[in-house]
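S.K.: So the chains spell out like this:
Number of protein chains: 2
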Amino acid sequence: MDKMNMSKHISGKFNEELEAVRNRVLSMGGMVEQQISDALEAIQKGNVELAEKVLSSDHKINKLEVQIDEECVHIIAKRQPAASDLRLVIAIIKTIADLERIGDEAERIAKVAKESFNKDQQQLLASLENLGQHILSMLRKVLDAFARMDLEAAYEVHQQDEQADRQYEALTRQLMTYMMEDSRSIPKIMDVLWSARSLERMGDRCQNIAEYIIFFVKGKDVRHVSPESMERTVMGNKLD
Amino acid sequence: MDKMNMSKHISGKFNEELEAVRNRVLSMGGMVEQQISDALEAIQKGNVELAEKVLSSDHKINKLEVQIDEECVHIIAKRQPAASDLRLVIAIIKTIADLERIGDEAERIAKVAKESFNKDQQQLLASLENLGQHILSMLRKVLDAFARMDLEAAYEVHQQDEQADRQYEALTRQLMTYMMEDSRSIPKIMDVLWSARSLERMGDRCQNIAEYIIFFVKGKDVRHVSPESMERTVMGNKLD
Numbered sequence: 001m002d003k004m005n006m007s008k009h010i011s012g013k014f015n016e017e018l019e020a021v022r023n024r025v026l027s028m029g030g031m032v033e034q035q036i037s038d039a040l041e042a043i044q045k046g047n048v049e050l051a052e053k054v055l056s057s058d059h060k061i062n063k064l065e066v067q068i069d070e071e072c073v074h075i076i077a078k079r080q081p082a083a084s085d086l087r088l089v090i091a092i093i094k095t096i097a098d099l100e101r102i103g104d105e106a107e108r109i110a111k112v113a114k115e116s117f118n119k120d121q122q123q124l125l126a127s128l129e130n131l132g133q134h135i136l137s138m139l140r141k142v143l144d145a146f147a148r149m150d151l152e153a154a155y156e157v158h159q160q161d162e163q164a165d166r167q168y169e170a171l172t173r174q175l176m177t178y179m180m181e182d183s184r185s186i187p188k189i190m191d192v193l194w195s196a197r198s199l200e201r202m203g204d205r206c207q208n209i210a211e212y213i214i215f216f217v218k219g220k221d222v223r224h225v226s227p228e229s230m231e232r233t234v235m236g237n238k239l240d
Numbered sequence: 001m002d003k004m005n006m007s008k009h010i011s012g013k014f015n016e017e018l019e020a021v022r023n024r025v026l027s028m029g030g031m032v033e034q035q036i037s038d039a040l041e042a043i044q045k046g047n048v049e050l051a052e053k054v055l056s057s058d059h060k061i062n063k064l065e066v067q068i069d070e071e072c073v074h075i076i077a078k079r080q081p082a083a084s085d086l087r088l089v090i091a092i093i094k095t096i097a098d099l100e101r102i103g104d105e106a107e108r109i110a111k112v113a114k115e116s117f118n119k120d121q122q123q124l125l126a127s128l129e130n131l132g133q134h135i136l137s138m139l140r141k142v143l144d145a146f147a148r149m150d151l152e153a154a155y156e157v158h159q160q161d162e163q164a165d166r167q168y169e170a171l172t173r174q175l176m177t178y179m180m181e182d183s184r185s186i187p188k189i190m191d192v193l194w195s196a197r198s199l200e201r202m203g204d205r206c207q208n209i210a211e212y213i214i215f216f217v218k219g220k221d222v223r224h225v226s227p228e229s230m231e232r233t234v235m236g237n238k239l240d
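Quick note, the sequences are listed as chains A and B, same order.
Everything in the first sequence is counted per UniProt numbering, starting at 1 for the first residue and increasing by one.
Everything in the second sequence is counted per UniProt numbering, starting at 1 for the first residue and increasing by one.
Calculated directly from the structure, the hints in this document are not laboratory data.
A hint or two may mislead.
Any copy, or any two copies together, can satisfy a pair, since identical chains are not distinguished.
[To be verified] In silico EDC-like links for lysine to aspartate or glutamate, alpha-carbon gap of 20 Å or less: (1) 53 <-> 221; (2) 78 <-> 221; (3) 218 <-> 69; (4) 60 <-> 49; (5) 53 <-> 104; (6) 220 <-> 69.
Full structure from sequences and hints, please.
M.R.: Dropping the structure here:
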């Protein structure tokens, strides 16, 4: 085998490895998506079994995170990737950390769903539905953007977090009014408030993942930059 | 220069680079430590200027995070580290992400401190002092463990998070009782509750950093493992 074929062969194998890791990230993302969807349904329908399903699936997601992390370190050590390949591996390492923590937040919501036996609380929990669906759609969209490394889609998700924050704030104000009207309901409402907070945090983490995608595609770290600078980066020419 | 000297020379320069990045992480950690300490003092003394200092220092920490991250990616691309050197770089990338978010939580507390003009709320905020000091000591200890890559110290911090969780739960129960006794105080107490939650989250992040130190020293990922398995890893023989 001459040198050129050899390097083609190596890079072919390398691409396969990268592709396999990317697919695993998407599987992990799909599992986390299912967790949120189940947690929201458990809340809506007071379905304790579904809440338990969320709680019991957490260890699978944790395991996948550790595995993907190991694979990434292995790829760096063995393949010594540079430029965009290295950025991809770094983006993956960061993405799975956020995905895992989105799963942790889903677990927190499922715990509340599991312990809410009465109708009153179920009605309160139902107020999480709009925010929950918004977050779920953000996660779906950012996973889709990750699958295609789609800059524009990532940027859209990034922008959508503002709406999630507004929904969260309105919900918080509403829940605090309920607490002031009926102080006996405070512990129950607190549970709903914590769940709302969990959803809001998930939105922040989807935003983080969108930033990693932009980092991969553009080679530029857009965390903590102004909205204008972010827009310039996204709209500018693509890197090779 | 013969081959051996050359490789010694390269590895000497490499070690210098790694050392420089480690030192930057410690500077970043020191800044975050100062933020928490200032936020707690702002709460205790109702010191608005100090709260503003915390808020205005956030961008420096963010900038440092992005810089260190870039340096790490640069080191991987240029030096192609393997084994423990690679583990160190990965541990650094993860550590700074947690440090930056500890800084974000300190900022949230400073915001509450800044907006609390009256005596009543200041008294309530004072109830955060014990938990706050515990978290501050966890951060100091884990930064110290990071500086020396000290396995035992990292493990101790990891164990201390349980106490933080207990303090947080007791505080939450107490604050909820206050809310039920006086419903007009609910919005004020909610601010204190969110601050308590911020402190509790900081403890979780110190625990994460402890896990990265253990990962570096032992070459084993100890996230999501049982306490027994964690203890076995820490007590087992050190890797080279």
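S.K.: Could you run down the list of hints and mark each one as holding or not?
M.R.: Here's how the hints hold up against the structure:
| no. | hint | verdict |
| --- | --- | --- |
| 1 | 53 <-> 221 | neither (37 Å within a copy, 26 Å between copies) |
| 2 | 78 <-> 221 | between (25 Å within a copy, 19 Å between copies) |
| 3 | 218 <-> 69 | between (23 Å within a copy, 16 Å between copies) |
| 4 | 60 <-> 49 | within (18 Å within a copy, 47 Å between copies) |
| 5 | 53 <-> 104 | within (14 Å within a copy, 33 Å between copies) |
| 6 | 220 <-> 69 | between (22 Å within a copy, 11 Å between copies) |
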